[in-house]
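The listed protein sequences correspond, in order, to chains A and B. Take the first sequence: its letter number 283 is residue 283 in the working numbering, and every next letter is one higher. Take the second sequence: its letter number 172 is residue 172 in the working numbering, and every next letter is one higher.
Hints in this document: simulated from the structure, not taken from any laboratory. Keep in mind that this is a model prediction, so the values were computed, not measured. Worth double-checking, as some hints may not be accurate.
Claimed, not checked - Label-pair restraints from in silico Cβ distances:
hint	chain 1	residue 1	chain 2	residue 2	range
1	B	Arg-76	A	Glu-376	51 to 61 Å
2	A	Ser-262	B	Glu-240	18 to 28 Å
3	B	Ala-323	A	Asp-234	42 to 52 Å
4	B	Arg-141	A	Gly-379	41 to 51 Å
5	B	Ser-33	A	Lys-123	18 to 28 Å
6	A	Glu-213	B	Asp-139	48 to 58 Å
7	B	Val-193	A	Asp-302	57 to 67 Å
Claimed, not checked - Simulated crosslink set (SDA-like; lysine to any residue; CA at most 25 Å straight-line):
hint	chain 1	residue 1	chain 2	residue 2
8	B	Lys-285	A	Trp-182
9	A	Lys-123	B	Trp-86
10	A	Lys-63	A	Asn-51
11	A	Lys-123	B	Thr-276
12	A	Lys-123	B	Ala-29
13	A	Lys-123	B	Thr-84
14	A	Lys-323	A	Asn-51
15	A	Lys-333	A	Gly-379
16	A	Lys-123	B	Ala-189
All C-beta atoms, glycine included, are put in the ideal place defined by N, C-alpha and C.
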Amino acid sequence: MTGPLFPAQEIGSLAKPRWQLLGQRGEPLDAPSVREFQSWNDRIHFADAANPVVRALLEGRSKDVGAEAVRDLGAVFALRYFEAAGLTRVYDGEARRIEMYEYPIRQMQGFQFLGHVRSFDNKYYRKAANTGEVRLERPYHVEEFDFVRDHATGVPKLPITGPYTLADWSYNEYYLGRESGWKGPAARRRAQREFVVEIARKAIRPTLAALIEHGCRVIQIDEPAAGTHPDEADLVAEGFNAATEGLDATFSMHICFSDYRSLFPALLEAKRCDQWAWEFANRDTEERDGYDILRMFAEYGDTRQVGLGVVDVHRSEVETPEKVADRIRRATKILGDPSRIWVNPDCGLRTRTLDVAWQKLRSVGEGARLARAEFERAG
Amino acid sequence: MQVRTSLTGPFPRSEALVAATRDLDRGRASAESVEGQFAEDEREVVALEARLGFDASTGGALRWADLFRPFAEGWRGFTVGPVTRWFETNTFFRQPILHAPPERVAGVVRAALPKAEVVPPDRTKVILPGPFTFAGLLDNRSGETREALTHRLGRLIADDVRELRAAGYRTFQFQEPLLVTDPPTGPLAEAAVVAYRSLGAAADGATTIVWTYFGDAAPVQPLLHRLPVGVIGVDLAETEPDQIVPPRDHRGVGLGCLDPRTTLPEDPADVARIATSLRARGHPKELWLGAGGPLDLLPTDAGARKLEVLPATKALLLRSEAAA
């Protein structure tokens, strides 16, 4: 890595501002959302007040503006927000996305949505059954990326749901059905492997290829399900390799809230992964060093970059820059080479208010600056 | 060999109940109207269980937010804790936090079961957390060791079993996924056995079932066979059928033959073959067929479709027995 030590990157979603939510529903902006718009515009200058779209939106004519133009404005807002917070790698805060499973699955053939499954309490999610061979209808996220590429001043880093997670969150019917006789543990594993690799090869890889064709150079493959079945960590790696085979870009793998220890060493077989972008801050408490797990990389001789989660996305309490710097310092001590470290929030910040997320991102940048100064002083 | 079929855990909520409970959370529906939908769903599950010829009825445990919630909310010593992953699934439970040695509150379990006019007690299968899994999954801040807590929960749940026996309930199933995903050894294993002695004594001749799932039961069979219960259930998605050793004393065996982690329906002929082989190897008195894990990992229609496999398998087994 060249350039200053400890560059910062975003990791995913950002809360959608109230003006965007109202605007894309065609509802006129209320006073708080107008104030929110103007206050952020004063800080990060994402919209030109003279622009007819902006004027119409602020004058209560959301219907005239249309949902797509509002989303465009939301995407520019997120880009400027990340850039103004000092991040090197940015995206649009997933301004056009509402979730990370249903949309990609709906771009593929071979799936059927069946109904809702309870996640917990009265919370549910929709889950699809894979009932036929996986095929891609058309590469997705491409228009979204084009817009980001055309409007970003930072380096765009596109997040995309990984093949293992898409498979794990679906019912495997087609590939399991091809196994003959009783489908015991061994048959299930074979079928799951085939399912993961088929999604990777037939849907994710062509999508990544199209994105790269459009100029996408940095891609984050999200695998939140990676830790769900520790004995399938090798499938996560295999899916990653199949999705990225022969493609020329910088790839990272984002995992969070998992027992990382259980993923070693199988996950390290994801040979085309350039960076492990994981959550650490959430597990870093007074009683427990959340960065100690980084020793596993040294233990297995893995010297790839680490996207270091230095602020917790599940707590509103804002980490001080000193705390962020301390986390960077501890990670560097374990990893040895400071140039391996990027800094980022643990995960997408959409669970926090825009104000809290902003302060956390500022702490990331300031903490990195403090740590950098220390390392530079130390020579 | 008696072949019995039943639900072995929660049934998925209908799309109407999903909508109603979501509306409740969003302040768009009243608790009364949502309770009406719960009651309607429960009646439908009971009707489904009857149509499929199940030997016992559960009502689907639709109101149970998770396996531990009635206890975490109703017994003393607990608070309801954070959302926690439910084994290797993309579903969650709220981890009970135990702040002091737990105290049972009479009537809590009974209130969480279908009313007698919906399912008579003698037709009801009562599904409860097993003491080992309960003690192992809660956040224990009580100061008691896990062994002591396993004992204690065994005794407290046994008091519930006694209360329910007196009210006419005859079939009890204890959910013990943790016994196979994180098998105990040494004093903890002995604690589990002792806890089940309490439960066995309280059951007083009623049918008692330990249902394991989410893990391979094969390595844990020596311990499972020591539990003084009538039936030991294993998850066939995790346990290779030829590794199942029927208990030497011909007690019952449970086959978790429906995998709620896939919508693909099982072939009744495959299940019947496994059951036949088991019968030949061990002559178990009873064979209970059900789902290998909670069926509410599926949407409601897919769950109902899966259940059709159970009577079809039972019919095949009875036919083959008659032919023999």
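Each hint tested on the structure:
For the hinted restraint 51 to 61 Å between Arg-76/B and Glu-376/A, the CB-CB distance of approximately 59 Å keeps it satisfied. Judged by the Cβ atoms, the range 18 to 28 Å given for Ser-262/A and Glu-240/B holds: they are separated by roughly 23 Å. A hinted range of 42 to 52 Å for the beta carbons of Ala-323/B and Asp-234/A is consistent with their spacing of about 46 Å. A C-beta distance of roughly 48 Å is found between Arg-141/B and Gly-379/A, which places it inside the suggested range of 41 to 51 Å.
Remark: the range hint 18 to 28 Å for Ser-33/B to Lys-123/A is upheld by a beta-carbon distance near 19 Å. The given range of 48 to 58 Å is respected by Glu-213/A and Asp-139/B, whose C-beta atoms sit roughly 50 Å from each other. Taken as a hint, the range 57 to 67 Å is violated for the pair Val-193/B and Asp-302/A, whose Cβ atoms sit roughly 44 Å apart. For the suggested pair Lys-285/B and Trp-182/A, the alpha carbons sit about 24 Å apart, so the restraint of at most 25 Å is met.
Note on Lys-123/A and Trp-86/B: the hinted pairing holds, with a Cα-Cα distance of about 14 Å set against a maximum of 25 Å. Our distance criterion of 25 Å between C-alpha atoms is met by Lys-63/A and Asn-51/A, whose separation comes to about 16 Å. Restraint check for Lys-123/A and Thr-276/B: not satisfied, since their Cα atoms lie roughly 41 Å apart, outside the 25 Å limit. Between the alpha carbons of Lys-123/A and Ala-29/B the distance comes to roughly 15 Å, so the proposed pair stays at or under 25 Å and holds.
The suggested pairing of Lys-123/A with Thr-84/B holds, with an alpha-carbon distance near 14 Å, which does not exceed 25 Å. For the suggested pair Lys-323/A and Asn-51/A, the alpha carbons sit about 41 Å apart, so the restraint of at most 25 Å is broken. For the hint linking Lys-333/A to Gly-379/A, the alpha-carbon distance of about 15 Å falls within 25 Å, and the restraint holds. A distance of roughly 36 Å separates the Cα atoms of Lys-123/A and Ala-189/B; the hinted pair therefore is violated under the 25 Å criterion.
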